[in-house]
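K.L.:
The lines below spell out each chain.
Number of protein chains: 2
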Amino acid sequence: MSILVVGSVAFDSIETPHGRVDHVLGGAATFFSLSASYFTDVRVIGVVGEDFSAENEAVLTKRGIDTRGIEHVPGKSFHWTGSYLKNLNEAQTLKTDLNVFETFAPKIPAAYEDSDFLFLANIDPVLQASVRAQMPKVRMVCGDTMNYWIHDHRANLEKVLVGLDALLINDGEAKMLAGDDNLKRAAEKILATGPKTLVIKHGEYGASAFFSERSFAGGAGKPGFTVVPFRAPALPLDSVVDPTGAGDSFAGGFFGYIASQPELTPAVFKRAMFYGGVMGSFAVEKFGTERMQELSREEIDARFERLREHSHLD
Amino acid sequence: MSILVVGSVAFDSIETPHGRVDHVLGGAATFFSLSASYFTDVRVIGVVGEDFSAENEAVLTKRGIDTRGIEHVPGKSFHWTGSYLKNLNEAQTLKTDLNVFETFAPKIPAAYEDSDFLFLANIDPVLQASVRAQMPKVRMVCGDTMNYWIHDHRANLEKVLVGLDALLINDGEAKMLAGDDNLKRAAEKILATGPKTLVIKHGEYGASAFFSERSFAGGAGKPGFTVVPFRAPALPLDSVVDPTGAGDSFAGGFFGYIASQPELTPAVFKRAMFYGGVMGSFAVEKFGTERMQELSREEIDARFERLREHSHLD
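For the protein sequence lines, the chains are F and R, in the order given. Here the first sequence is numbered in our numbering, starting from 1122 and rising by one per residue. Here the second sequence is numbered in our numbering, starting from 1122 and rising by one per residue.
Okay, chain F solo, but in the shape it has when bound:
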């Protein structure tokens, strides 16, 4: 099965306690694609400038990712400058140069129209809604967002949430979106606004899925169904070199695994949460996309087993 992802393909300049890198390949769609490519076919929609080289594109195509939806336009690519020197768990944005991303108008190539799954990475909800509307036949749609859209573009975002099978956000975003500091109550409020399932990423503590009665086929209308949570833990890591892209890599592992399975069952969803955690844990081991380019399915599955053992009771 194939996943279509729309989002940023960018360059990042990053400083962490482990060092700094300048203008390395980044962007939500890039991390998502590389991560999901270990599980299923991936197609990308994005926009880049003249500074995006054949070598940059080859990072994606070498992993079998279809890049025909990456539009090349005059100007410079989106460039994000950030620091993790103060807090390794939260990026401090030093500079955001939107460049060609400022006028991004996603176009879906004809060859992408038969995509089975759709991932709306963190971009303007107006664009997310536009892409969603152009892909009426997909089996499942997942999406991400961030504080800026929640705070300043809520009405547009709410139109997107209604159509999501799963929303993937972090603790702070969930609390802000729901206006509630209790994570379980926040989850219940968000599920009431549209998404069938909510995935909340807790960074180094793993991630939780909150299921509703609409999460799975046949679940609708079950008497007495209440929100059921599921927690995928995270492995403690010896070293976090660069947290950039961890959340998008989580999403790629999560959705990539789902897309590789014949049916979306609770068991598949739970395993997908663990694969998300595995891919996020790899992403932070090196700067930029470096680690996500060089993995093998064998080492991914070996770490999945370690993660399963990590909180398994006999």
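Among these hints, one or two may not hold up.
Stated by the list, open to error - Reference listing, derived: stretches of chain R covered by chain F, where coverage requires no fewer than 3 residues with Cβ under 8 Å from a Cβ of chain F:
1) 1300-1308
2) 1322-1328
3) 1358-1364
4) 1386-1397
5) 1422-1434
Treat the hints as calculated values from the structure; they're not laboratory data. Ideal Cβ positions, reconstructed from N, Cα and C, are used throughout, including at glycine.
Assemble chain R onto chain F, guided by the hints.
P.N.:
Leaving out everything else, chain R in the frame of chain F:
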């Protein structure tokens, strides 16, 4: 098997977003004892003043807890005043009246000398060491501590750490004790200073155990043994009324379960981590010790099963 616990028996005045209570029964030894009492026999050593009533003591004795080690002296009991209005995850201490606790010199009644397990709650490490030295025959010793002792009494604390089978602390304390912001590296450094096993409590995200080659009988000298982590998740809670005592209730469930088992195996230790999480989750549902007084083993085991399912992959 019986657990001897030494620590504070106190009164707390607490304000949280759910309300406020004045002079309710509290203290680390109190929460620990109530929690452990659902699993095994418990004996307490502490000191209280004239304001500690027969009704207060009956809260413990009704649960079968042996209170002969609670010394009654002239003056007032330890009284802590705290607020969770700013942050439900971290207590803000408004006032600490040590009162009779200031001159606490733990005395071990003869009837306690055959105790099988020893829990050193968060008190001056000099007192922890003194009690430890008077109980040379116990099978297992666990201990707690806090930032104040780590920062200002490190040399005394280090003497206690050397003799611990397990140290139970939270994320911030672990990072401070090790001088390392990475939790896994911090755990490895702490294990190198003495404790055979380290349990780090992550609050609403659960808790991790870090095992060393000395954690279990027969584990010593295994070639290639490295620190192995295990994560017990936490259930997302609808409502946290009062976080006071959650960590001590975790310790009581954890150590109480271990004391109820014939042997300390990795499987027992892992189940103990889950029981710790279960007891911590009950503690916060009502103010003070209220919830910890009224539980049944049946509801404890039912929640244990829910927690097991909560991150279980088939």
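K.L.:
Would you mind marking each hint as holding or not holding in the structure?
P.N.:
Structure-based check of each hint:
no.: 1; hint: 1300-1308; result: holds (count 6)
no.: 2; hint: 1322-1328; result: holds (count 4)
no.: 3; hint: 1358-1364; result: holds (count 4)
no.: 4; hint: 1386-1397; result: holds (count 4)
no.: 5; hint: 1422-1434; result: holds (count 5)
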